[in-house]
Amino acid sequence: MAQVRPISLTVNGVTRQALVEPRRLLVDFLRDDLGLTGTHVGCEHGICGACTILFNGEAARSCLMLAVQAEGAEITTVEGLGSSDGKLHPLQEAFWEHHALQCGFCTPGMLIVALDFLRTNPDPTEEEIREGLSAVLCRCTGYQPIIEAVKAAAARLR
Amino acid sequence: MKPPPFDYHAARSVSEALELLGRYAEDARLLAGGQSLVPMLNFRLATPRVLIDLNRVGELAYIREENGWLRLGAMTRQRAIEFSPLVKERIPLLVEALGYVGHLPTRTRGTIGGSVAHADPSAECPALVCALGGELVIRGAGGERVVGAADFFQDFFTTALQPGELLVEVRLPVMPARSGWAFEEFARRHGDFAIVEVAAQVTLDERGGCRAARVAAAGVGATPLRLRAVEQIVERGGGAGAVVAQAAARAAELVDPAGDHHASADYRRHLTEVLTRRALSRAFAGVERSK
Ligand code: FES
Ligand code: FES
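The listed protein sequences derive, respectively, from chains A and B.
Residues 0 to 157 (numbering that gives the first Met the number 0) make up the first sequence, in order.
Residues 0 to 290 (numbering that gives the first Met the number 0) make up the second sequence, in order.
Isolated chain B, as found in the complex (with noise of 0.2 Å):
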């Protein structure tokens, strides 16, 4: 189908975004790269009487490291991001969650800060923004605030921003040394909406113990998941195959998916276990490897 009439404002800067969210309120939508926004235009899902687009933001695209964390502007592409050394050497869990993302043709236009604020329950960067711990800084017209990844989501497509609000910054830590990662995916075909997701990065300490460990799982309710417990099991116990294991047993207790057309709740229980176990797997082999 075709999108019904809207009125269109291209914003030119933060401020001029804003401007526009505090004119037309709940009238607007933002369009970021459009690849689930518009979609839902075209299928008149979404009916809003003013689009604001973010395209020509030019201070919304960024990749910058600063005291331990990755500042990514939410207008980023995410192909940009995929492609970046940067990336690449700071959080490459990012780069190989980011081969999970639609398509490549996708990616040249969806953005990180787009994905993230969309909050798909099973979509991969909210997954990793999750499991990292990450930051997003939310700009409206009282000035500037910082949400921490739980509290940021909140339910099925529902965030902490307010109307009004705009996404401007995605923070991601920086990986420490003597660390492994690990995304692990279930999906029907390549680049469809994960069913389970499974991210997971790994820290040693000097003798060999796991000094720190993060998982997120995805597709499992209505916003990632953080495992806190299965993180402690590993910490505790190291990476030995018993251990891991254990936690991956952990993570299918933990999760209460929804069954649906696509797969029951039972067997979404069953990918967490065993793409947990996957994922802490090659993430503890990674470490030893980079050693």
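So here's chain A without its partners, still in its complex pose (with noise of 0.2 Å):
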């Protein structure tokens, strides 16, 4: 069996460190090892988006990268979004006041997804928001009220 490998790493602003093996998954690491399971696994081939985190600030699949590549990473999931004072985030709020969730399963993504792609475009138009979240798969909600609190947070945001 391949050797386990030592990591160090910042999840959330706290760092982190951890023996894994190479093939273990960022994914399967954030939510077995770290016990953070906000941050979702569904496909593991990089289609649904549930478990998309931000990497060094950049949305990232983490089913499709590994936990050894993230050594010296800085990555936030879902649970570092609010403050630490229970605040939710604006984007959070927003979802929270336009029903933008049912079962919450793509939550984190989308919400992850939307934050990255309100930093490259923060006044985005409806064409624009529903191509920047066609990264991630909702079964639930019909997607039009991700869309309207998305829209609703960019305003906030900007």
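Check each hint, because a few of them may be wrong.
The following label-pair restraints were derived from C-beta to C-beta distances [what the hints assert, rightly or not]: (1) B:Arg55 to A:Ser83: 30 to 36 Å; (2) B:Phe155 to A:Thr119: 51 to 57 Å; (3) B:Tyr266 to A:Arg129: 24 to 30 Å.
Listed below are several chain A residues computed to face chain B (Cβ distance under 8 Å; list not exhaustive) [as the list claims (entries may be wrong)]: (4) Arg60; (5) Met64; (6) His97; (7) Phe116.
Rather than coming from a laboratory, the hints here were simulated on the basis of the structure.
All figures in this text were calculated on a predicted structure; none of them were measured in a lab.
Positions of the beta carbon are idealized from the N, C-alpha and C atoms, including for glycine.
Work from the hints to combine the two standalone chains into their complex.
So this is what it looks like as structure tokens:
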């Protein structure tokens, strides 16, 4: 068996050290080793987007990365979006107000993708929002309330 | 599923990557952005004994302009290219095409070199390299060689890269003045691999005739296909509607797609005609506007 490797990284502002097998997927490391189960795992091949995290500030599929690749990286998961006093991120607030979730399975991925999307496109058209969010699949909402929420959050974050 | 066990090396330089490739030979796979290879690992369709990770080879991530060419380091992220002001100005067709490559969170990781070396027959980057007559810079233990797009893409997922070799750079000619471009794609959902896609770039001369045309289609065969006969029709006849229609009809004759569960051969041929017509019309209309 391949040997375990030491890795050191920052997750939601906290430094973490661990020993991982090279084949350990980053999403499984976050969920099973660090107990951060807010990041979901759906398809494990890059289609559903439920596992999306911020990797050094950019949205990435954590099922398509190895934990060893995160050595030295800064990662933000859905748990890191709100402030430590429990206040929601404006984007999360907009999701709440617009009923942008039902079962919530896609929500962490939606939030992370929307965050990175709005960072590079702070004043998007609805068409652009649809294209940006096409990176994450939702089986419940029909997407409409999610698009409304992102639109509202964009205005609030500008 | 989860990947089977493998050993992992993060190369820090091209020479270290080549040294590792030499040491592990056929047992090793190179890991670029991982947006195709990691799914294959997860499905256990790929079971390499060793992974050589290129993500820490900083010398392979760059965008440079030199003598009329853009030189893109193989590990340049698709998103970095998509947002590069230099690329937008020099090869806007590439920026437009990248908008169809997966999604935002796959383009942050996916690289131009990874996509070109993977050579998926319906991927956008290989089609672009073919259309523009790009060059691929390959390095191996014996030194460096440069291969033209026409010789690089050989078959389904098969390129001129030999065991022990590494794609280090993708070179694309800068768009000349008085040019227009368009990338047209049909896919089931945005971000999916294309069923058919067509890339076109046209350049006019001073009198408004078509000096040069570049057209390639993908999703219609084992490799992307440069459609030289289509280019010649508009180079002779220009961008009038009837000429473009004739060129598009010729495109449909030139391709010989196979049918699969996504689309029949006839449907792909039909799409080739429609998308070629749209791409050429939009490319010519774009030059008019930019004059
Ligand atoms: S679990 Fe990563 S994209 Fe579906
Ligand atoms: S809320 Fe259930 S999948 Fe989106």
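task = So, A:Met64 near chain B? Judge it on the closest CB pair being under 8 Å.
result = Because about 6 Å separates A:Met64 from the closest Cβ in chain B, which is inside the 8 Å limit, the hint holds.
task = Return the status of the interface hint for A:Phe116: holds when the least beta-carbon distance to chain B is below 8 Å, violated otherwise.
result = Since the shortest Cβ distance to chain B is 6 Å, the answer is holds.
request  = Using the beta carbons of B:Phe155 and A:Thr119, state whether their distance is inside 51 to 57 Å or not.
outcome  = For B:Phe155 and A:Thr119 the Cβ distance comes to about 34 Å; the hint is violated.
task = Hint says 24 to 30 Å; check whether the CB-CB distance for B:Tyr266 and A:Arg129 agrees.
result = The hint (24 to 30 Å, Cβ to Cβ) holds, given that B:Tyr266 and A:Arg129 are roughly 26 Å apart.
request  = Given the hint of 30 to 36 Å, check if B:Arg55 and A:Ser83 actually sit that far apart at their C-beta atoms.
outcome  = 32 Å, holds
request  = Verify the interface restraint on A:Arg60: the C-beta must sit less than 8 Å from at least one C-beta of chain B.
outcome  = 6 Å, holds
request  = Hold the hint about A:His97 up to the distance rule: shortest CB distance to chain B must be less than 8 Å.
outcome  = The hint is violated - A:His97 has no Cβ within 8 Å of chain B, the shortest such distance being about 21 Å.
Checked against the numbered hints given earlier, this structure breaks hints 2, 6; the rest are met.
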